[in-house]
Structures are given as structure tokens and as C-alpha cells.
Amino acid sequence: MPDSFHSVVLEEDKCKGCTNCMKHCATEAIRVRNGKAAIISERCIDCGQCIRVCPQHAKKARYDSLDMLGQYKYTVALPAPSFYAQFHKPDINKILTGLKKIGFNDVFEVALAAQTVSRHTRKLFLENTVPKRPVISSACPAVIKLIKIRFPDLIDNVLPIMAPVDLAAKVARSIAEEKTGLKSEEIGIFFISPCPAKITAAKVPIGYKEAIIDGTFSMAEVYRRLLPVIKDIQEPEILAKASFMGIGWAISGGEGKAAERDLFIAVDGIDNCIEILEDIENGKLKTVEFIELNACEPGCLGGCLTVENPYIARARLQSMEKNLRQRDTDTEEAAGGEFDLDWALPLEYTPIMKLDEDMEKAIAKLKRIDEITESLPGLDCGSCGAPSCRALAEDIVRGVAEEGDCVFKMREKLNSLLVQMNYLQDYLPPPFRSDDKSRRKNLPTDETAQNPGGEP
Numbered sequence: 001m002p003d004s005f006h007s008v009v010l011e012e013d014k015c016k017g018c019t020n021c022m023k024h025c026a027t028e029a030i031r032v033r034n035g036k037a038a039i040i041s042e043r044c045i046d047c048g049q050c051i052r053v054c055p056q057h058a059k060k061a062r063y064d065s066l067d068m069l070g071q072y073k074y075t076v077a078l079p080a081p082s083f084y085a086q087f088h089k090p091d092i093n094k095i096l097t098g099l100k101k102i103g104f105n106d107v108f109e110v111a112l113a114a115q116t117v118s119r120h121t122r123k124l125f126l127e128n129t130v131p132k133r134p135v136i137s138s139a140c141p142a143v144i145k146l147i148k149i150r151f152p153d154l155i156d157n158v159l160p161i162m163a164p165v166d167l168a169a170k171v172a173r174s175i176a177e178e179k180t181g182l183k184s185e186e187i188g189i190f191f192i193s194p195c196p197a198k199i200t201a202a203k204v205p206i207g208y209k210e211a212i213i214d215g216t217f218s219m220a221e222v223y224r225r226l227l228p229v230i231k232d233i234q235e236p237e238i239l240a241k242a243s244f245m246g247i248g249w250a251i252s253g254g255e256g257k258a259a260e261r262d263l264f265i266a267v268d269g270i271d272n273c274i275e276i277l278e279d280i281e282n283g284k285l286k287t288v289e290f291i292e293l294n295a296c297e298p299g300c301l302g303g304c305l306t307v308e309n310p311y312i313a314r315a316r317l318q319s320m321e322k323n324l325r326q327r328d329t330d331t332e333e334a335a336g337g338e339f340d341l342d343w344a345l346p347l348e349y350t351p352i353m354k355l356d357e358d359m360e361k362a363i364a365k366l367k368r369i370d371e372i373t374e375s376l377p378g379l380d381c382g383s384c385g386a387p388s389c390r391a392l393a394e395d396i397v398r399g400v401a402e403e404g405d406c407v408f409k410m411r412e413k414l415n416s417l418l419v420q421m422n423y424l425q426d427y428l429p430p431p432f433r434s435d436d437k438s439r440r441k442n443l444p445t446d447e448t449a450q451n452p453g454g455e456p
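Going by our numbering, the sequence shown opens with residue 1, and the numbers climb by one from there.
Relax, there's no trap hidden among the hints.
In silico DSS-like links for lysine-lysine, alpha-carbon gap of 25 Å or less:
id, residue 1, residue 2
1, K101, K89
2, K60, K36
3, K60, K16
4, K179, K100
5, K179, K73
6, K148, K60
7, K132, K284
8, K284, K148
9, K60, K14
10, K183, K100
11, K132, K257
12, K100, K73
13, K203, K73
14, K361, K148
15, K170, K123
16, K89, K322
17, K148, K203
18, K286, K257
19, K203, K100
20, K367, K354
21, K286, K148
22, K231, K101
23, K179, K101
24, K101, K73
25, K286, K123
26, K241, K123
27, K89, K231
28, K241, K322
29, K322, K257
Pair ranges (Cβ atoms, derived):
id, residue 1, residue 2, range
30, A315, D13, 30 to 40 Å
31, K284, Q420, 46 to 56 Å
32, L345, V9, 25 to 35 Å
33, Q318, E278, 26 to 36 Å
By construction, these hints were calculated from the structure, which means they are not laboratory data.
Beta carbons: idealized from backbone N, C-alpha and C, even for Gly.
Please work from the sequences and hints to get the whole structure.
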């Protein structure tokens, strides 16, 4: 799978160029050109915000078809803990049994792997082998991509360990190989995802060279297939093993609680995450031990591939947590405690914000961007097809836009042209002039052209 893969894509025939997605994109990855939105691939973090706000449903997430199940001799479903909360009065055993009835041979809870990741995180803190503080969770791939492209100074703060879904995939494959005797390539491991960012991370892994997961399905699509099936299940298999700690990862703050840090903060919503990352960059959160960041509100329950209202889903999950607290579950070994959870590859800065490889030229371009920004009206109206006046200035310097794309700058030019045309209408060469002094007007300057009425 190429590094440029993105789950979030545009259906041009549905797009009306309304600029709604452009104005809501946290990384300014969208422009509107020729009446259609266009995604700047290098800037996109697949957070799915544009999918949420597009009134034409022109943005969508790419994911695999359930028909892929037929390509493998043995298949395992990896349901995210947020999946359970999509159902009214959720019974985890019924949901897991239902997954086996719609075509999967087995299931493995991502929540179970989340428990092991939490225990490993606690171990790193106890051994004082965590990275630079405050430690930033690596669980949300949209946030990690954001850090890679916009906050390179915070890369050393990121906890370089495996995401629960990747660990779940490794454990599930190992169990399936031992159980069936099949080769790894004959076994299909499929993640049921709440968001496009995790679909992209499954295709282009963070911290690893090769993909661990064979396919990803939309949570909404699996929900629609599963809903009529679980209604008929009277005696489900006892398949649920995860404790309240693992289930709680679906809610903002669940990971931080499981890490058992006294000084931790949990932030959800991409704009809020950016604000916190800026605070960390400015040295404002030095006393905080652990920071959990989720691009979606209120955590993975708010992913754009879910079905239920995220706040209703949160209430359901909190009720599930309460019930599970009564059950003593210690399943670290079953969740893959024998695997190395550290990343195989370091997190690297993606320099998409660079203006030029040559430092002097880059400084000159930055100065030019500042100058153009100062000359623009500063309204950030989006009429130019860029999300802000500064974004337009950057596009101009990069050679992909013109100053005349700003309707206000174009209006100034039209006013100047109008004044000059009025002058030329009355103009006569010297030999043909009368004594009328009004015909001896000077050609207007740029200043008088831009202010033809002479207002102060």
C-alpha cells in the first residue's frame, strides 16, 4: 500500500464547492478550485471532520468490502470497544456471537489488547523509561499525523508503543495459526473501525513497515449487517473477556484512567487537541505526566463511521463499565503480554510546511507571505478558495494562486481600472485641447484609483 493512501476522499460529482469543509479543516488541507473542493494529500490527517460537515455528502471514507471475507480460509474480527455502544442495551457476548454468524470464524476484542497496552504504559512510568514529559498517547492516529506535520518538536513526547488494534491483530493471528494450522497468509484479520484515521493507519501503519491488519470495515456497515442477526440470538457464546479498563478506552479519558497517572489530562476534538499541543510546545504543561488526545468528540465514540449519537453511546458504555467493574478480570497473557509492544520504526517529521530547501530562500518566502498577508483584508471569508488570508498568501508564494483570487484585491484593481477609463474617456491629445482646464487632468495614481471618491 503506498504511503500516500488516504481513507478520506472526495466524490467530485456531489461537490458544489460550498467551502464548508474547507473552513472546518484543522490542517488547512482543503482548497476550492473550479467549483470543486480539492484535498491536499500531504496535509490531510484523515480526521473525518470534512465528512461530518459536508451538506452534500461529497466527502466519504474508503474502506474494504465485507466480500473480502471470502478471500481467506479463516477470518477474525477485531471489534473496537466503541462498537458495543452502538447497540441498544448492548450484550457483548451477543454482539461477538453475531459477528461469527455474519461470516467471521472468530473474534478478538481490541479492548482486551488495550488492557495490555495500559499495563505496559504503567510499567514504563514505574521504570521511568517513558519519553520526554508530558508523555503524549500514540493511540489516535489522526493526532499522531498532526504532530508529524505541524508539531515536530513534540515527536519525542509521543509514547512509541503499539496501538491496541495492532496488538490485537498480532495476538489474533497467532491464536488462529495455532488453532487451525494454517499459514499466516491464509488467515484474514479485519478491524471494525469507527473512523477513517484508523483505516488509514491499518493500511499505512505508524511505527511499523508492514501492515499487520488485512482489511478494515466501516463500523456503520457492519452494524447494519449485524443488527437483524443479534435480535435472534437467544443463547450467545461466552466470548467477552475484556474488563472495564479495556472497554473504557472508547471514551475520552479512558486510556488515561487505565494508565493510572495522577496528573493526566484527556482532550477530545481536533481543535482542542491543537490548542493543547500548542500549550505543550510553549512549555505550559510541564507538570502533567500523561496526555490523552482524541481527534473525535467524546473519544472514539464520536468517529464519523459510527451510528449512534456519541453522547448516548457514552452513557451506554459508562453503564457497561459499571457492570464490568463487578467482574475481576486478569487476562494480560491472553491479550498478548508476550509480544514486544515497542515501535519498530521511529516517528519522523513530515516536512510538508517547508517553503524551500534553501534556508535563505525559505526566509525570503516567509517574509513575502507576511507582506502579502498584511495587504489582504484579513476577513478569512474563503471566497478565494483558501481557508484564510494567510493560507492564500502561502498559496501565492508557492505559485498555486494569485493575488487577484482575493475578491477585495480584485475590487481594488477594478476601481483603479474604472478611474483610468473615466480619465481616458475625456482625454484629448494636446493639439486638440480647448482652454478648458478640466481636460488637463493628470492620470490618476494607484492611491486615487483605489479611493476614487476621495474619502479619508
